[in-house]
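Residue numbers (numbering that gives the first Met the number 0): 0 to 250.
I should point out that these hints are in silico values taken from the structure, not numbers from a laboratory. Ideal placement from N, C-alpha and C gives every residue a C-beta, glycine not left out. Certain hints may be false.
Claimed, not checked - 16 Å max Cα-Cα, derived EDC-like pairs, lysine to aspartate or glutamate:
no.	residue 1	residue 2
1	K128	E100
2	K128	D172
3	K30	D54
4	K128	D54
5	K128	E74
Stated by the list, open to error - Computed spacing ranges between beta-carbons, pair by pair:
no.	residue 1	residue 2	range
6	A63	R221	24 to 34 Å
7	G77	R151	39 to 49 Å
8	A53	G77	17 to 27 Å
9	A67	F154	16 to 26 Å
10	A173	R151	28 to 38 Å
11	S168	G134	18 to 28 Å
12	S215	R55	31 to 41 Å
13	A63	R132	19 to 29 Å
14	A53	P243	20 to 30 Å
15	E74	A211	30 to 40 Å
16	P243	D54	49 to 59 Å
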Amino acid sequence: MIDGLGAPQSLLLLGGTSDIAVAIAERYLAKRPLRVVLAGRPSAQLEAVAGRLADRGAAVETVAFDAAKTAEHEEVLGRVFAGGDIDIAVVAFGVLGDQAEAERDPTVAVSMAQVNYVGAVSAGVCLAKAMRRQGHGTIVALSSMAAERPRRSNFMYGSTKAGLDAFFSGLADALVGSGVRAVVVRPGQVRTKMTAHLPDAPMTTTPEAVAASVVSAVSRGRHTVWVPGRMRAVSSVLRHLPRPVFRRLPF
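The task is simple: from the sequences and hints, build the whole structure.
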C-alpha cells in the first residue's frame, strides 16, 4: 500500500532498464526503502540497474520478462505477485525502431507493434487482473506525445504508442471502483538511451522530470499527465492543425 508519505512499499518496473522507470524508482527511494522488481531480458545492464537501486536502499529482485513473448506474461507476472503485493507497476518497455526500415519491411513493422502495443496490452490485462485480486494498485503506462498525432517522420512508432495510449486510457475507466487505477503518461522527447542519437526536439525533457510528474500524478489521483505540462496545450493545437500544415512542421 502507499504510505502517508505518498510512497509505495513495492514497485514493479516492466522494462527494468528504462531510464524513465529507473528515475521513477529513485524518486520513490528518496522517500523510503521499498521492494523493487525489475522485469526485463537478462543482461549485464539489468544487473547494473539492480545494483544501483540496491545502493539506494531498495530490496531488488530481477525477473526474466520479454514483452514480445505474450504467452509467458501471465505466468511470469503471476510469480511476481505471488511474492507479495505490488503497489505500483510501471509499463516502460518499448522500441523506437527505424521508420524507413519499418516502411520497407513488414516484419520490422510488426515486431515494433508486437512489443510496443501487443506486449503492453497483454501486460496491462495481466496487471489489472492481479491488482484487482489484491484489491489495490496503480498501473503507470508510459505513452508519448507521438501518440497524440503521429508525424510522417515517426508514424510507425507513433501508431504503436497511440494504441497503447487508447488501451490504458480505456483500462483506467474500466478500473473505476475496483481500488486499482491506471495513469497514462505522455512525455515529449526525453533524453534517454533510446533517443541519444536524435537532436533535441522543442521542449525535450529528462527522465528525472518525467519521474517527478509521475510521482505527483499518482499521489494526486490523476489519470493522464503531460510532460512538460505545457505539452497539453501544444497537443491540443497540433491535433487541430490542417493536415497540409501539420506535414510541414520541422519536427
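Review point. Given a hinted range of 30 to 40 Å, is it respected by the beta-carbon distance of E74 and A211?
Key: 34 Å, holds
Check your understanding: When you check the alpha-carbon spacing of K128 and E100, does it fall within 16 Å?
Key -> With Cα atoms ~36 Å apart, K128 and E100 exceed 16 Å; violated.
Exercise for review: Could you tell me whether the CB distance from S168 to G134 stays inside 18 to 28 Å?
Suggested key: Distance hint for S168, G134 holds at roughly 23 Å.
**Study point:** Distance restraint evaluation - A67, F154, Cβ atoms, bounds 16 to 26 Å
**Key:** 21 Å, holds
Practice item. Please test the hint of 49 to 59 Å on the beta carbon pair from P243 and D54. Key: 53 Å, holds
Point to revise | Pairwise hint evaluation, E74 against K128, where the allowed Cα distance is 16 Å at most | key: 12 Å, holds
Point to revise | Satisfaction of the hinted span 20 to 30 Å by the C-beta atoms belonging to A53 and P243 | key: Given about 53 Å between the Cβ atoms, the range is violated.
Exercise for review: Kindly confirm whether 28 to 38 Å is satisfied by the beta carbon distance between A173 and R151.
Suggested key: 33 Å, holds
Practice item. Take the C-beta atom of G77 and the C-beta atom of R151, compute their distance, and say whether it sits inside 39 to 49 Å. Key: 41 Å Cβ-Cβ, so the 39 to 49 Å window holds.
Exercise for review: For the range 31 to 41 Å, tell me whether the beta carbons of S215 and R55 fit it or not.
Suggested key: 20 Å, violated
Practice item. Assess, step by step, whether the Cα of K30 is no farther than 16 Å from the Cα of D54, and give holds or violated. Key: Satisfied, since the Cα-Cα distance of roughly 14 Å is no more than 16 Å.
Review point. Does the hinted range 19 to 29 Å hold for A63 and R132 at CB?
Key: 23 Å, holds
The earlier numbered hints that this structure contradicts are 1, 4, 12 and 14.
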